[in-house]
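Chains as they are written, first to last, in the working numbering: chain A, 1 to 615; chain B, 1 to 256.
Keep in mind the hints are simulated off the structure, nothing from the lab.
Note that the structure is a prediction, hence the values are computed from the model and not measured.
Keep in mind that a hint or two might mislead.
Stated by the list, open to error - Residues from chain B that face chain A, not an exhaustive set, calculated with beta carbons under 8 Å:
| no. | residue |
| --- | --- |
| 1 | 60 |
| 2 | 61 |
| 3 | 145 |
| 4 | 236 |
As the list claims (entries may be wrong) - Derived lysine to aspartate or glutamate pairs resembling EDC-like cross-links, with alpha carbons at most 16 Å apart:
| no. | chain 1 | residue 1 | chain 2 | residue 2 |
| --- | --- | --- | --- | --- |
| 5 | B | 41 | B | 131 |
| 6 | A | 373 | A | 414 |
| 7 | B | 177 | A | 193 |
| 8 | B | 241 | B | 210 |
| 9 | B | 72 | A | 33 |
| 10 | A | 118 | A | 106 |
| 11 | B | 44 | B | 125 |
| 12 | A | 263 | B | 162 |
| 13 | B | 72 | B | 50 |
| 14 | A | 222 | A | 193 |
| 15 | A | 118 | A | 33 |
| 16 | B | 246 | A | 280 |
| 17 | B | 184 | B | 224 |
| 18 | B | 241 | A | 261 |
| 19 | A | 153 | B | 210 |
| 20 | B | 44 | B | 162 |
| 21 | A | 393 | A | 439 |
| 22 | B | 246 | B | 162 |
Claimed, not checked - Stretch-level coverage of chain B by chain A, calculated; a stretch enters the list once three of its residues show a Cβ under 8 Å from a Cβ in chain A:
| no. | stretch |
| --- | --- |
| 23 | 107-119 |
| 24 | 179-191 |
We put the CB at the ideal spot given by N, CA and C, even for glycine.
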Amino acid sequence: MKLFNCILVFAGALAWGQGLDFSGRTNLPAGPDMSGTWYPQPGQDSGLITASGALVEYGGIPVNEAGRLYALAWSAARIQGRQHQCMGYTVPYTYNQPGNLRFWEERDPYTQRLISIKHYWQISEGTRTIWMDDRPHPPAYAQHTWSGFSTGKYEGNTLTVYTTHLKRGWIRANGLAQSDEATITEHFIRHGDRMTYIAIVNDPVYLAEPFSRTYTLMRNAKEPDGWLYACDDGEQILGRREDQVESYMWGQHPFLREFADTKHIPLLATLGGPETMYPEILAKLKDPQATEAAARAELTPASGPPHVSRAADPNPHDGAIHILPVQGNLYMLVGDGGNIALQIGDQAPLAVNSGAGQITDKVLAAVRKLTDKPIQFIVNTNFGSDFTGGNVKLRAGGHDPSVEGSFFSGQFADAGRGATIIGHQNVQNHLLALKQPADGWPSDTFIQGRRRKFHNGEAVEIFYEPNATNDSDTIVHFRRSDVIVTGDLFSTTSYPQIDIKNGGSIQGEIAALNHILDRTVYQHDEEGGTLVVPGHGRLCDEWEVAEYRDMLVIIRDRVQELIKSGATLEKVMAARVTADYDDRFGANSGSSATDVFVEAVYTSLKNPPKAGSGN
Amino acid sequence: MPRSLRIGARLALAAGLGFIAAVGASGQGRGGRGGPPEPPKTGKAGALYDITGYWVSVVTEDWRFRMVTPVKGDYTGVTLNEQGRKLADAWDPANDEAAGEQCRSYGAPSLMRVPGRLHISWQDEQTLKIEADAGQQTRVLHFVFADDAGSSWQGFSKALWEMVPVGRGVTPVGSLKVVTTHLKPGYLRKNGVPYSANTTLTEYFDRVNEPNGDAYLSVTTTVEDPVYLAQPFLTASHFRKQPDAKGWSLTPCSAR
Numbered sequence: 001m002k003l004f005n006c007i008l009v010f011a012g013a014l015a016w017g018q019g020l021d022f023s024g025r026t027n028l029p030a031g032p033d034m035s036g037t038w039y040p041q042p043g044q045d046s047g048l049i050t051a052s053g054a055l056v057e058y059g060g061i062p063v064n065e066a067g068r069l070y071a072l073a074w075s076a077a078r079i080q081g082r083q084h085q086c087m088g089y090t091v092p093y094t095y096n097q098p099g100n101l102r103f104w105e106e107r108d109p110y111t112q113r114l115i116s117i118k119h120y121w122q123i124s125e126g127t128r129t130i131w132m133d134d135r136p137h138p139p140a141y142a143q144h145t146w147s148g149f150s151t152g153k154y155e156g157n158t159l160t161v162y163t164t165h166l167k168r169g170w171i172r173a174n175g176l177a178q179s180d181e182a183t184i185t186e187h188f189i190r191h192g193d194r195m196t197y198i199a200i201v202n203d204p205v206y207l208a209e210p211f212s213r214t215y216t217l218m219r220n221a222k223e224p225d226g227w228l229y230a231c232d233d234g235e236q237i238l239g240r241r242e243d244q245v246e247s248y249m250w251g252q253h254p255f256l257r258e259f260a261d262t263k264h265i266p267l268l269a270t271l272g273g274p275e276t277m278y279p280e281i282l283a284k285l286k287d288p289q290a291t292e293a294a295a296r297a298e299l300t301p302a303s304g305p306p307h308v309s310r311a312a313d314p315n316p317h318d319g320a321i322h323i324l325p326v327q328g329n330l331y332m333l334v335g336d337g338g339n340i341a342l343q344i345g346d347q348a349p350l351a352v353n354s355g356a357g358q359i360t361d362k363v364l365a366a367v368r369k370l371t372d373k374p375i376q377f378i379v380n381t382n383f384g385s386d387f388t389g390g391n392v393k394l395r396a397g398g399h400d401p402s403v404e405g406s407f408f409s410g411q412f413a414d415a416g417r418g419a420t421i422i423g424h425q426n427v428q429n430h431l432l433a434l435k436q437p438a439d440g441w442p443s444d445t446f447i448q449g450r451r452r453k454f455h456n457g458e459a460v461e462i463f464y465e466p467n468a469t470n471d472s473d474t475i476v477h478f479r480r481s482d483v484i485v486t487g488d489l490f491s492t493t494s495y496p497q498i499d500i501k502n503g504g505s506i507q508g509e510i511a512a513l514n515h516i517l518d519r520t521v522y523q524h525d526e527e528g529g530t531l532v533v534p535g536h537g538r539l540c541d542e543w544e545v546a547e548y549r550d551m552l553v554i555i556r557d558r559v560q561e562l563i564k565s566g567a568t569l570e571k572v573m574a575a576r577v578t579a580d581y582d583d584r585f586g587a588n589s590g591s592s593a594t595d596v597f598v599e600a601v602y603t604s605l606k607n608p609p610k611a612g613s614g615n
Numbered sequence: 001m002p003r004s005l006r007i008g009a010r011l012a013l014a015a016g017l018g019f020i021a022a023v024g025a026s027g028q029g030r031g032g033r034g035g036p037p038e039p040p041k042t043g044k045a046g047a048l049y050d051i052t053g054y055w056v057s058v059v060t061e062d063w064r065f066r067m068v069t070p071v072k073g074d075y076t077g078v079t080l081n082e083q084g085r086k087l088a089d090a091w092d093p094a095n096d097e098a099a100g101e102q103c104r105s106y107g108a109p110s111l112m113r114v115p116g117r118l119h120i121s122w123q124d125e126q127t128l129k130i131e132a133d134a135g136q137q138t139r140v141l142h143f144v145f146a147d148d149a150g151s152s153w154q155g156f157s158k159a160l161w162e163m164v165p166v167g168r169g170v171t172p173v174g175s176l177k178v179v180t181t182h183l184k185p186g187y188l189r190k191n192g193v194p195y196s197a198n199t200t201l202t203e204y205f206d207r208v209n210e211p212n213g214d215a216y217l218s219v220t221t222t223v224e225d226p227v228y229l230a231q232p233f234l235t236a237s238h239f240r241k242q243p244d245a246k247g248w249s250l251t252p253c254s255a256r
């Protein structure tokens, strides 16, 4: 027994001295413990409470042309818009807000290994997870959120965090946008009851250079009481039109010089840009005439061709079909042209769209991974080849038992052989006109406003959206799963492809997006709840649809204003009315090219479609 | 003795011996066991990271207070007491110029916030030198010191590498901590927001490295002044590493 005591004491001494635990495993330091409650230091950047700042206070922000023009068009009245009232906060903006922050660790209960570090912030009641277990970031077509997807690692006494999958948020809530393409690197360095926070934002859409900044967080001496931030939107202006989005025409910002004049700062410096971050700007500002001329040049788009999108393409283009669980019964199949949505359940699958038809065999293989039942229904949301291209093969691989043995069997020998394709009558008309194979036409068509089904345990509503991208658009709402599939009406990769010749119009497109927004309900602060599968691009929710709608309304209003002043199409093109969005959505070729889109807006405003035409 | 107490006593003894072992081991430095104790490392030899070289300030915090001279009476964000406000409201740059004190806003509590470039180098094994082109100021950070100095714009700075406790065999981590006193009265901001000779300045200098090769130096600052401040004044500023002296431009202090 005495020998045992000696061994135990000796082992303990050795272990302590060597930094070993009793299991013999090296007791590596995970990193500084940041658990507890914190708050942003008051004082620094006073006047930027909630980081909003004054209008046209952009000095020190390395915005590019698109970022500056976005901000100069932004009206604070836009906050009154229904989908903007409860907009959440993104990082790093959220660490400069006046509320409380709570940090805590999540550990594996059995191994005590660190799984994640959680941050909760009072403002917008956001919860962020920083994964510490080396898991990979999700694919580019996965949903974006306010807090994004973050992975962290300890580097010395520093917690370094890398974040992707952020929603479009604010650099500063005075119109300085941080795009949904932004990625963030953050460093948290604890110094006792203070924490240095360094963030570097890389945003290819709105920034010309990385935007780096530092804050200090202070540790609360006691647990604070305030943790909630109640927000629920409602209409604030009676009679407000659904297609009303406040914005300023470039060069007409009514408060352009307010901040500059009040603070005795040359206008050029308040307009931001990378040069305003560095000491050299001081010498440049000494020449008032030159700075004024330079400032004026920055208030409107520079002449030249439209910019091309700097956003990464979320489609892997790797010849494979990728399956993304959406929610409820819904899956998103990515990889063959337009996105395909697949509903599965006790009955046979229902697909929304069939893709481009390039790799339909792989689509069918993907379906088989999810269910052993053949597809029963295919809904076409419009006649475009990216959505109907796989109709023939996908239909052939399916089976509709609901008509087999019914009176249809007496009329059609092949009733039930293959899936039933559902679509607006105009989808069939267009495919017929295009001489597409009859096997790929919708056989179950409708012409009224809504086609209803109850399938796989939920209501499925198909709504006709007249004169939107063309005269055959529909959306599909899976009510129990709470997912809306938009087809070509909504995309995260391009401007809408408005096909004027086939009945499309900007007015119908905006009305369709508003109809989607009428049906969506967010779970919390413009996030979650109803999810939206776009025709192209990543999985979304209401926020992205609202942003897209806002963009189209703002561009429409600019074109309308130019038309009122007698501008020709050439003048509208030269005005670069999409300059604040081209770095995100612009293209210089194809059916979604910027020029094609602007021409469609112009044409549909000059010659509006007759109400309900094509219906 | 009950069994639980016996085990507790053994563990306590183990812990005690472990502590002695750890202290003994740390006194040996990295030289291993058995050899003569190594002398304490110098500031330079014990550096946890390299902060030498040229750095350019990236002015994205408090831009409107740093890039331009704020208007008189704008001390937003600084918790001045009544005496401090009175002094700030009486600011007249002409008086400073007449007194030859144009460098009042270039003292250590505000120098890291002045737009410009830094050149950081080791003056010797125990002394780190920070030269600023703006105002042509030089800060000297002492890792060994005699606590005796007259007052100056840059005061007297004591530096140490403040370690975060880690297990043995693990690369030490921590920050450069600098505490500065013996300051001549000056301005926290160019528009006469004052600090007194009784001010204590505490700073943490941290370096972070980005995957694209960029390196940033953050300076987290606490200014404590019992004479003019009701609460400590906290700021964070940062610099980006430059490969060379490009842009280095010595400019004299300006009171305006």
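Item to check | Index of numbered hints that the structure contradicts, given in increasing order | outcome: 3, 5, 6, 9, 12, 13, 18, 22 and 24
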